[in-house]
Structures are given as structure tokens and as C-alpha cells.
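Asks: Below, each chain spelled out in residue letters.
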Amino acid sequence: MGAQVAELGYFSLTLAGVLALTSALVGFCNPRHEQWASHLGCLVVGQLVFVTISFAALIWSFVSDDFSIAYVANHSNSLLPWYYKVSAVWGGHEGSFVLWILFLCGWSVLVVLRRDNYPVSIYTRVLATLAVLNVGFICFALFTSDPFARLIPMTPQDGSDLNPLLQDFGLIVHPPMLYAGYVGLAVPFAFAVAAMLEGKADALWARWVRPWVNSSWAFLTFGIALGSWWAYYELGWGGWWFWDPSENASFMPWLAATALLHSVAVTEKRGTFKSWTLLLSIAGFSLSLLGGFIIRSGILTSVHAFAVDPERGLYILIFLAIIVGGSLLLYGSRAGKFNSAVPYGLWSREFFVLVNNAILMLSLAVVMWGTLSPIGYEAISGGRISLGPPFFNRFFVPLMIVLALAVAFVPVLNWKRTNKARILNFCAREGAILFTVALLVAFILRPETVSVATGVIVSLAILITHIKDLIIRVKTTRPPLAYLGMTLAHVGFAFSILGVAVTSTQSVEKDVRMEPQGQVVMGELNVEFLGVKTIQGPNYVSQQGLFTVRDGETVYELRPEKRRYVASGSVMTEAAIDAGLLADTYISLGEPLEGDAWAVRLHYKPLVRWVWLGALLMGLGGIVAVFDVRYRRLRQRLKGRVGQAGAAA
Amino acid sequence: MIRVRRNRLYVAVFLLAGVALTITLLMLAMEENLNMFYPPDQVVDGRAPSGQTIRAGGMVLEDSVVRSADSLDVQFKLTDRQGSDFVVAYSGILPDLFREGQGILVRGVLTPEGIFQAVEVLAKHDENYMPPELLDLAKDGSPSG
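Protein chains in written order, with the numbering used here: chain F, 1 to 649; chain G, 650 to 794.
Since the hints were derived computationally from the structure, they do not count as laboratory data. Possibly wrong hints are sitting among the right ones.
Claimed, not checked - A short, non-exhaustive set of chain F residues, derived as facing chain G with CB atoms under 8 angstroms:
1. Glu-311
2. Trp-369
3. Gly-383
4. Arg-384
5. Gly-388
Using N, Cα and C, we set each Cβ at its ideal position, and we do this for glycine too.
Start from the sequences, fold in the hints, and give me the full structure.
Replies: In C-alpha cells:
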């Protein structure tokens with residue numbers, strides 16, 4: 001009985017593909033037909049049902065240890081705890097792709113649930129565009145990376161185990177969040193395609209898109225923050241961002257989506273930046289494809305990988321060319337229509353969003369260059385180069401400082417233009433407060449470099465201006481959720497900048513050799529190494545070190561581990577962290593040396609939590625804004641408008 | 650309309666200045682931070698420059714790892730298994746996957762005496778992932794692959 005589950009999963013995925021193809025045909029052939037639109041909704045729900053069955057079948061295959069399936073055999077083991085068996089489903093390329101498809105179906109069904117908000121021709125075209133994407137993804141899964149492929153008759157006795165790096169809580173939550181964000185950007189993309197086909201992108205269109213942009217951006221933010229947190233505690237190096245191609249792959253769509261988030265706000269409020277917003281919608285999802293699709297599957301980390309698996313690579317390139325090329329062609333032929341001349345001054349929200357977009361696009365260009373140029377170089381000359389973190393930091397530090405400075409002005413700016421006196425007044429008053437606070441901070445923290453001092457000052461500037469404005473608004477009126485969301489996100493941005501500035505310069509990092517009962521003094525901390533004992537885990541054997549840390553009066557224990565996983569024989573470092581809002585103490589075991597001595601890595605990292613706390617606030621801000629009344633009551637307004645038009649006629 | 654035009658001018662100037670600045674900075678940063686990769690034979694025969702940051706790689710030669718008794722200093726040899734090998738000196742914690750016979754990448758400076766003073770040592774991430782730089786070596790160099 002159980003043996004056929006995988007075949008059921010494969011069959012369901014095929015059925016979902018057929019339904020997706022039908023939806024695409026139905027949607028594009030007759031986009032204005034109410035009845036057809038209802039059928040389309042059913043077809044979309046059908047896709048979700050069948051993909052869910054397929055996904056459940058894959059989970060079942062993992063949980064029931066069906067090692068006759070190649071993907072299960074390569075990514076699981078009978079000793080693995082059940083929750084890691086479930087999360088192993090998205091631990092490799094094939095399974096993570098099914099998760100990707102599942103999310104696309106989920107987002108499509110959310111569009112169906114909000115059907116009453118949109119006119120029928122937009123609704124059907126959005127769903128049809130999403131269905132076209134789904135056809136592409138499902139074909140990719142079925143023909144080039146089938147997660148259900150069997151290993152018969154060479155069925156192994158046991159699986160070769162999930163990569164120990166991925167046997168962790170971080171991996172249970174990080175990929176789903178990130179994928180929800182990646183795939184979520186398909187919805188604004190579909191709305192852009194629908195608008196271009198319709199030949200109409202106005203303020204109302206922007207209002208339809210905004211909740212989708214906000215929520216997918218929020219998921220992407222959570223996903224990236226979780227990934228960074230996971231790298232921090234699981235890789236055992238104490239770093240939280242490495243400018244690694246896989247990190248950059250998620251950062252590029254995030255930068256584009258952040259630009260889109262701001263530009264679509266201008267389109268909604270002022271009816272301008274239309275064609276730019278459309279272009280960003282296309283860019284955001286295209287970069288998602290580039291990131292999630294190409295780099296995740298390892299195709300472009302090296303030209304060699306392409307040669308190893310030419311079928312997959314070729315499919316991806318053709319699919320990308322069709323989707324990105326097709327949407328850009330459509331954009332090129334229609335964008336001229338969306339010009340609008342709405343005047344605005346230099347000191348206006350419009351202009352500052354422009355500054356924001358310009359900076360984000362420059363940052364995007366830098367990341368893209370740093371990620372893709374080594375590949376290009378290899379393809380052309382055969383030689384190999386790499387661009388290290390200094391390359392990226394050199395650009396990001398100044399760019400983010402300018403961006404933060406612009407953010408600090410947001411509360412004082414109006415749409416269209418701002419009174420000069422108001423700005424001067426603001427600069428004088430807030431500037432004076434800030435100057436005093438900054439002097440105090442400089443005195444306490446003694447930041448060593450100019451860029452750190454600037455980082456601290458600009459983040460404080462954002463905090464002061466936003467919180468002051470918030471207090472005034474809360475006293476006088478009940479501010480809308482969209483405003484609260486923006487404030488929360490900007491405050492989060494300030495937190496992250498503060499965290500990055502402080503932790504990357506004020507951290508103490510020591511690699512030392514420690515004998516049992518040996519002590520090391522690190523700043524105000526005294527670390528004592530008590531020894532190592534052996535512990536048996538479910539699927540690993542661990543060497544656990546015992547350390548006592550004395551911080552003035554308080555004393556605590558930390559137990560970092562060195563694990564050896566039985567099935568694969570690979571060794572993993574589990575850092576022990578005393579996490580705190582103000583600072584983390586981080587200890588990880590290096591390697592055993594002569595006698596009972598160990599190489600030990602000791603870190604003291606002030607404000608490192610703020611990096612992720614800030615990202616969490618940003619994401620929450622995005623979510624809060626989605627629940628603003630003006631997106632909830634679209635239905636009534638649309639009906640009201642139709643009613644009025646009818647009465648007028 | 651004049652206002653609109655003036656705004657467009659602002660935007661255009663702003664964008665042009667930004668793009669020009671970025672390209673200049675990109676080129677400067679590329680020059681400073683670009684690390685070329687050299688396989689063992691090029692390190693040994695002197696084609697790899699000394700005195701500047703480069704990357705090199707190879708397999709860790711068996712029985713070549715020497716730890717200092719009272720610090721974290723370590724020395725080992727990297728080889729391409731075709732007769733070329735060179736000494737790497739490093740101070741610090743080696744990655745979990747550092748093992749004899751394993752493919753390793755190092756970043757650092759080659760001294761005039763031919764010793765590679767590493768500031769970073771990278772090992773293979775897992776069984777499936779090989780640093781792209783070492784694929785050539787793995788294919789035609791090592792018997793174990």
C-alpha cells in the first residue's frame with residue numbers, strides 16, 4: 001500500500017500541471033467573462049489541492065523512510081528525528097522546488113479569496129499569469145528534477161543522511177519563509193503583466209498591488225533575517241553575513257522589492273512613477289527567479305556545474321528568457337502609455353522616494369556585479385577570481401548611511417512640496433537634540449572609525465524623528481495602520497544599522513588554545529575551560545566542552561559541542577551562545593590539540609541581536625501596513641463607485 | 650511644465666552622477682579586492698605573484714600537518730598530486746572539514762621564500778559541494794575524487 005504513495009505524489013503533481021495549463025488558457029482566452037472567471041477560481045484551488053497532496057506524499061515518503069526514492073535516500077536517514085525528516089523535504093533541490101510550487105499555489109488561492117476587490121479582467125489575467133509560471137515550475141520539477149524518482153532495484157538499506165548543517169531549527173523555518181517571499185513577488189509581477197495587457201496602471205491599480213508587495217517583502221525580510229541568524233549560530237564562525245552567492249541571491253530581490261514597496265506607494269498616493277513601478281515589479285520577480293531558481297540549484301556557482309547537468313541548466317535559461325524577456329518586451333511596447341507628469345519639489349516625499357530607489361538600485365548593481373562578475377570572468381577567460389566582503393562593504397557602508405540620512409527626514413516631508421521654513425526649523429531643532437545625544441554616545445562608546453560614528457548618529461536620527469512624530473500623531477489623531485507600519489519599519493531599519501555598526505566594530509574575537517582549568521580574560525569577561533566529555537545524541541556522538549563565564553557578579557555556564565554524525569561521518573560545530581539584548585557571549589570548539597587542550601573560539605558581540613531585531617521590526621511593519629482599512633474596504637468602494645457611475649448614467 | 654522639466658533635469662543629473670560615481674568606485678574596488686586563484690603548479694613555479702593577496706588551493710598532503718605545541722600556529726602542504734606542492738602557514742582554527750587528502754582553498758600572501766601565509770582556510774562544505782576552483786583538480790588530479 002505505502003509503496004505507491006510516491007507514484008500518487010507524482011501523479012498529483014502532473015494533474016496540478018494540467019490544471020495550471022487549463023487555467024492559463026481559460027484566463028487569457030476570455031479575460032472579461034464573469035462565469036469563466038468563477039471556473040478559473042475553481043481551477044486555481046484545484047492546483048493547490050493537488051500540489052498539497054503531492055507535497056504530503058513527499059513528507060510521507062520521508063517520515064516512513066522510503067529509501068527506494070532517490071531524493072529520500074540522499075537526504076534522510078532512519079536515525080533522523082521525525083521533525084528533521086519533515087524539514088529534510090526542503091533540504092535539497094528537488095524537494096525545495098515542490099515547496100516553491102506549493103507556495104505559488106497558495107498565493108494564487110489568496111488572490112482568488114480577494115476576488116471581489118478586482119475587476120474581472122485584471123483578476124483573470126493575474127491568475128492566468130500565475131498559472132503560466134506554475135506550468136513552467138511544475139514541468140521543471142517533473143522533467144528535470146523529479147523528487148519521486150525511484151532507485152530500483154538498487155534500493156539502499158539506509159539513507160545517506162541530511163547534511164548536518166541543515167539538522168537544525170533554523171532550517172525548519174528559514175527556507176519556507178524565504179520561499180514564501182520569493183514566490184510572493186510573483187503576485188505583483190502578475191499584476192504588472194495584467195496592467196500592461198489591460199493598458200491601464202493607475203493609482204487604483206497601485207492600491208490593489210500594495211498589500212501583495214508588502215506581504216511578500218515582509219516574508220523575504222523574515223527569511224533573510226532567519227538565514228543570517230542560522231548562519232551565526234550554526235556555522236560556528238560567529239559571522240552573520242558573508243556576502244556569499246547564496247546570501248546575495250536572496251538579497252538582490254529584497255533590494256528590488258524594497259524599492260518597489262516605496263515606488264508603489266508614490267503611484268498610489270500621487271498617480272506617478274507608474275512605469276517605474278511596473279518595471280520594478282518585473283525586476284523583483286525576475287531577481288527572485290535568478291536567486292531562487294538558478295543559484296539555489298547550484299547551476300551558476302560555476303560554469304562547470306552547468307556542464308555537469310546541462311538539461312537542468314538549459315531548461316532554466318530558456319524559462320528565464322521567456323518570462324523575463326517576454327515581460328520586458330511587453331513593458332517596452334506598453335510603458336510609453338503610462339507617462340504622467342505630476343510636478344513635485346526637491347523637498348517632497350516623491351523626491352525622497354526617488355533618492356531611496358536610486359540608492360537601492362545602486363546597491364543592487366553592486367551586489368549583482370559582485371555575484372555575477374566572477375562567473376562571467378570564468379566563462380570568458382577560464383581564470384578564476386573572487387570578490388571578498390571588503391568589496392561589498394566599501395559600497396554598502398556609504399550607501400546605507402546616505403539612505404538612513406534620507407529616512408531621518410521622512411516624518412517632516414509632505415507630498416508634492418514641503419515648506420522651507422518647516423525643514424529649516426526641523427533641522428535646527430532635531431539637529432540640536434541629535435548633536436547632544438551623538439556627543440554623549442561618542443563619549444560612551446568611543447567608536448573608532450568615522451563610519452561607525454556616522455552609523456550610530458544616523459540611526460539615532462531616524463529613531464528620534466520617527467518616535468517624536470509618532471507621539472505627536474497619536475496625541476492628535478488615530479493614525480492609520482499604514483503609517484504605523486511605516487514607522488515600525490523605519491525604526492527597525494535604524495535598529496539594524498545600529499546593530500551592524502556597533503557589532504562589526506566593537507566585537508572582541510579571540511581564537512585561543514585552552515588547557516582544562518585554563519582561564520582567558522576577554523574585556524570584562526573571565527572564561528574558564530573545565531574540560532570535555534562525550535555525549536550520545538540520537539544520530540551523532542558529541543564532545544561537549546564545559547566553560548564558566550564570569551561577568552562581574554554573574555556567573556554562567558556554556559556548553560559548546562563538536563558533533564560527529566554517524567551516517568555521514570561529518571563533523572559539526574555547535575556553538576554555545578549566551579544571548580542578550582545588549583551583547584552575546586559566543587563560544588565554539590575548534591579542534592582537539594595535544595593532551596587535553598582544545599582550540600577555542602571566543603567572541604563577545606555587543607548589539608548583534610539588533611541586526612535581526614531590526615529586520616523583524618521591518619517585516620512586522622510591512623505586515624501591519626497590509627491591514628490598513630483602505631485595503632480592507634476595497635470591495636465596498638469598488639461597489640460604491642460602480643453604483644455612482646450607474647446613478648450618473 | 651517648466652517645473653516638470655526642471656525636475657526631470659534634476660533626476661537625470663542625479664542619476665548620471667550616481668552611475669558615474671558607482672562605476673568609478675566599482676573599478677577601484679575591483680582592483681583592490683580582486684583575488685586571483687592559482688593552482689599548486691603555478692604557486693610552485695613562480696607564476697603566482699608574491700606580496701599581494703591571492704587565493705590558492707589543492708589537496709592537503711598526507712602527514713604534512715604540523716601543529717605548534719603552545720599556540721594555534723599550524724603548517725601543512727597543499728598538493729595537486731602531480732608533483733607540485735607548497736607549504737601553507739596559518740594561525741587559528743581550521744574548519745571542521747579540514748582533513749588530510751581533502752580539497753582546501755586558502756587566501757593569503759605568498760612570501761618570497763615560497764611559503765603561503767594564509768589568513769583564511771576554506772574546506773568543502775559537504776560531500777556534494779566542491780569549491781569551483783578545485784573541480785579541475787578533483788577531476789584529473791586526485792584518485793579518490
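Asks: All the hints need checking, so say for each whether the structure fits it.
Replies: Going through the hints against the structure:
A cut of 8 angstroms between beta carbons decides the hint on F:Glu-311: the least distance to chain G is about 18 angstroms, and the hint is violated. Evaluation of the F:Trp-369 hint against chain G yields a held restraint, the C-beta minimum of about 6 angstroms falling below 8 angstroms. Taking 8 angstroms as the C-beta contact cut-off toward chain G, the hint placing F:Gly-383 at the interface holds, the least distance being around 7 angstroms. Satisfaction of the interface hint for F:Arg-384 is found here, the shortest Cβ-Cβ separation to chain G being roughly 4 angstroms, below the 8 angstroms cut-off.
Checking F:Gly-388 against chain G by beta carbon gives a least distance of about 6 angstroms; that is within 8 angstroms, so the hint holds.
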